[in-house]
Each structure stands twice: as structure tokens, then as C-alpha cells.
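S.K.: Listed in order, the protein sequences are those of chains A and B. Residue 64 in the numbering used here sits at position 2 of the first sequence, with consecutive numbering throughout. Residue 732 in the numbering used here sits at position 65 of the second sequence, with consecutive numbering throughout.
Quick caveat, the hints were computed from the structure, so don't treat them as lab data. Cβ atoms here follow ideal geometry from the backbone N, Cα and C, with glycine treated the same way. Wrong hints could be hidden among the right ones.
Stated by the list, open to error - Partner residues aside, some chain B positions facing chain A, computed with beta carbon under 10 Å:
1) I750
2) A754
3) Y767
4) K771
5) L773
6) G814
7) L820
8) A821
9) I824
10) V834
11) K839
12) T842
13) G846
14) V852
15) N855
16) V858
Stated by the list, open to error - A short list of chain A residues far from chain B (calculated; beta carbon distances all over 12 Å):
17) R88
18) R122
19) I123
20) D127
21) I132
22) S134
23) M135
24) E136
25) L145
26) E147
27) R149
28) W155
29) H170
30) L180
31) Q203
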Amino acid sequence: MSVTQLVLFLILGAGFLCLLYFFAGRAGARAERGADALLEAREALNSLQSGLLPPDLIVRIFARDDLNFITSMESPKIEGVFLRERRRIALQWVAQVRKQVLNLKRFHSGESRRYAQLNPRTEIALAFDFAALLIACRVLQIVFYLRGPYAASGIVNRAVGAAGKVCVVSERSLAFLRSTNAGGLGGRSTGGSAALL
Amino acid sequence: MIGFANESRLVMVTHAIWLSGIVLELVILVRCFSTRIFRNYPFFCVYLGCVFAGDVALPYLYKALSLNAYRTCYWAKEFVCVIAGYAVVMEIIERAFERYEGPKKLGRNAALVVFAAVVGGTAFHAALDRFATSAYRSLDVEVGLRGAELILLAIVIVVIFYYGIPVGRNLKGITIGYGICTAAVVMNEAVGSFAGRTFYAAFASIWSYSYLVSLVIWVAALWSFEPNPAPEGWTQMDDDYQALANRTRLALTVMRGHLRKAARP
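All chains, please: the whole structure from these sequences, using the hints.
M.R.: Take a look at the structure:
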């Protein structure tokens with residue numbers, strides 16, 4: 063056995079033990095989902111689409127005009143307070159987006175496990191998309207925390223775009239549920255949400 | 668003198684671990700047969716039975732047989748245990764995803780692919796390695812097979828996590844205990860195969876302790892039968908996934924295009 067193989071097997075063993083640690087500490091089984099869960103998922107989707115992602119709100123939080131106005135007052139104290147507040151708002155926004163994406167992920171996995179004909183490729187691709195979005199949110203949190211709310215406007219735009227696309231995927235996943243659960247969900251559906259695409 | 672005292676203490680500890688291992692294995696087997704666990708986890712009971720038989724018989728065979736005959740018996744027992752181990756992993760997949768046909772197929776297919784890849788790779792490597800001694804070649808093969816088992820168990824646990832599959836105490840205990848035991852075997856025998864007998868002996872005691880931990884977990888988890896939580900108002904869907912998958916695939920294609928644009932604005 064070569065050194066590389068030895069290291070690989072040791073990493074495999076140690077990594078697996080870490081996984082077992084999380085598995086051992088896993089909370090009780092998740093309750094099966096009924097109509098309430100579908101409503102919860104629908105609300106999460108609505109919230110992600112309408113409450114957290116409208117372009118106006120994002121533009122407002124990260125608007126450079128406000129910063130320029132405050133800077134023009136030439137008061138370091140006011141500028142400091144402004145930046146701190148904006149950072150707090152930005153961090154809360156990212157945390158909320160992350161929470162909603164996690165809700166959607168939970169909903170998707172909870173529903174797709176009911177299908178006998180799961181497509182591994184599709185499931186893996188979706189899992190990677192969710193993971194990419196969650197990682198992007200974490201990166202944003204770190205960037206905002208370390209360098210302030212104006213440090214990552216490009217990343218913000220991409221994260222918003224990616225979140226919108228996950229919404230579309232989930233929206234389409236929910237479309238079939240609307241036909242089977244029309245009574246429970248009809249009133250809460252957002253018809254024009256696909257506009258995000 | 669001090670060296671002799673240390674050595675005799677080590678022998679005593681080894682004997683104590685061996686004896687307590689046998690007692691715990693017996694306790695688990697008795698509990699499994701006296702409850703409904705045997706009916707639900709027959710392969711696990713067979714696996715533990717094989718290990719128990721090996722633990723009891725091998726020390727006597729060591730005294731009774733020649734070294735070569737003992738080696739043959741030892742590797743035969745290891746081979747049987749590895750095969751029984753795979754049966755345990757398949758049983759974990761079957762039981763964990765009993766009511767979830769889709770995730771079960773995912774887990775089973777992934778298991779078959781990994782098994783075929785690792786066994787094929789190991790067999791190919793062993794066939795090429797003509798200069799190795801038989802014992803060390805067997806060790807390499809065993810490390811490869813156990814490594815594949817570890818990957819399979821990791822896949823099963825990831826699928827359980829991802830789909831939020833509820834798991835009962837018995838199954839959780841079997842998975843954790845067997846996982847600890849297999850991870851220890853892989854690390855122990857990888858070091859043994861790489862560094863030779865001196866290090867192998869040192870790491871063997873780590874393996875003994877970890878196996879003892881596994882046995883204690885099994886005793887606690889398998890003391891009484893507890894079925895996996897049954898979902899309420901559960902409906903298994905058979906027909907709609909293809910439609911859902913088509914919609915999702917279309918959306919993903921669009922998504923990929925957008926991501927490419929985002930990466931190169």
C-alpha cells in the first residue's frame with residue numbers, strides 16, 4: 063500500500079467517524095408532512111419571492127446613493143452609525159434568505175422521497191444547486207461581517223438571481239401539488255412568481 | 668523486569684477485552700433471539716454470530732493447528748465476515764428506506780456501483796501485485812472491501828440526512844456500531860498493510876477498544892425491539908415523478924444558462 067492510499071483510507075475513516083458523530087446527535091425523526099407542511103412550504107416560497115427578493119428592496123439595502131449622501135455630510139460618527147446599521151440589515155436579510163432556502167430544501171426532499179421513480183441525476187443536481195446557494199449565503203454573511211454591506215454587490219446580485227431560480231424550480235415542483243391539494247393551497251398561490259426567471 | 672511487567676499487563680488487558688467482547692456478543696445474540704430483532708435484522712444476527720464463532724474458535728485453532736492452517740482459517744473467517752458485513756449494509760438500506768421506494772433505489776444503486784468499482788479495482792490491483800506475500804495481499808483486499816463498505820454506509824447516512832428519513836433506535840444503533848467498527852478496521856488495517864507488523868500490533872489495540880465501544884452501543888440499542896417510525900397518512904406516489912422531473916430538468920437547464928451568464932457578465 064502506498065502513502066497516498068494510506069492517507070486516503072485514514073481520511074476516509076476519520077471523515078466517516080465525523081459523519082457518524084452528526085448521525086448519532088441527529089434529532090428525532092422528522093414528522094411526516096401533511097397539508098400544514100404544504101402551506102408552510104408555500105408560505106416560504108411566497109416569502110422568498112415577494113418578501114425578500116423584490117429588486118426594489120435589494121436596491122434599497124445596498125444603494126450607494128445613501129452612502130454617498132452620508133459621506134457628503136463629512137461626519138465620521140454618522141457614517142460609522144450608518145454603516146453599522148446597514149451591515150446589520152444586510153446580515154439579517156441574508157440570514158432570512160438562508161432560512162427560507164433551507165425551508166424549501168426541506169420541503170423538496172420531504173416531498174420527493176414519496177416518489178418511487180426518483181431520478182438520481184436530477185436529485186443530485188438539485189442538491190448541488192441548493193448547496194451552492196447556501197454556501198453563497200454563508201460567503202455573503204462573512205463578507206458583510208468583515209467588509210461591510212457595500213463590499214459584495216456583485217455577489218448579492220448573483221445570490222438573488224440564484225435564489226430566484228431555485229424559487230422557479232420549487233414553484234414548478236409545487237405545481238403538481240396544487241392540482242392534488244387545490245383546496246388547501248389555492249388561496250395562497252402566487253401566480254406571477256415565475257416572472258423572476 | 669519492567670518490560671516483562673508491561674508485557675504481562677498488556678496480555679491481561681487483551682484477554683480482558685477478548686473475554687468481555689465474547690460476553691457482550693453473547694448478550695446481544697440472546698437479546699436478539701429473545702425479542703423480534705432477529706426477525707427484523709437477520710443478517711446482522713448472522714454477522715454477529717460469525718464474529719462470535721470466530722472469536723471463540725480461533726484461539727483454540729491457533730493452539731491446535733499449524734501456522735499455515737491457522738492462517739487459512741483466519742482469512743476464511745475474515746472473508747465470511749466481510750460478506751456478512753455487506754449483507755448487514757444491504758439490510759440497513761432495506762430497513763431504513765422500507766417505506767421510501769425512491770430513496771431505497773437510489774441507495775441500492777449507489778451501493779451496487781460503489782461495490783462493483785471497489786471490488787473490481789481491488790481484484791485488479793491484487794492480480795497485478797504478484798510479489799506481495801499472501802497475508803499482506805489478503806490484508807490489502809480486506810482494506811479495499813471494508814473501505815467500500817464505509818463508502819456505502821456514508822452514502823446511506825447522507826441519503827437519510829437529505830431526505831429526513833426517520834430511523835428507529837435499533838437501526839440507528841446497528842448503523843453507528845457497525846460504522847465505528849468498520850472505520851476502525853479500515854484505519855487499522857491500512858496502517859498494518861503500510862507499516863508492517865510492529866505498527867499493526869499497536870493499532871490492533873485501538874481496534875479492540877473501538878470494537879468494544881461498538882458492542883456496548885449494540886447492547887444498549889438492541890436491548891428491546893423498536894420498529895422504525897411509521898409515517899402517518901403516507902401515500903407512495905408512483906406515476907407523477909417523471910412529470911415533476913421533466914419540469915425540474917427544464918428549469919435546471921434555464922438555471923444553468925443564467926448561472927453561466929452570472930459567472931461571465
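S.K.: Could you work out which earlier hints the structure fails to respect and list their numbers in ascending sequence?
M.R.: Those not satisfied are hints 1, 2, 17, 29, 30.
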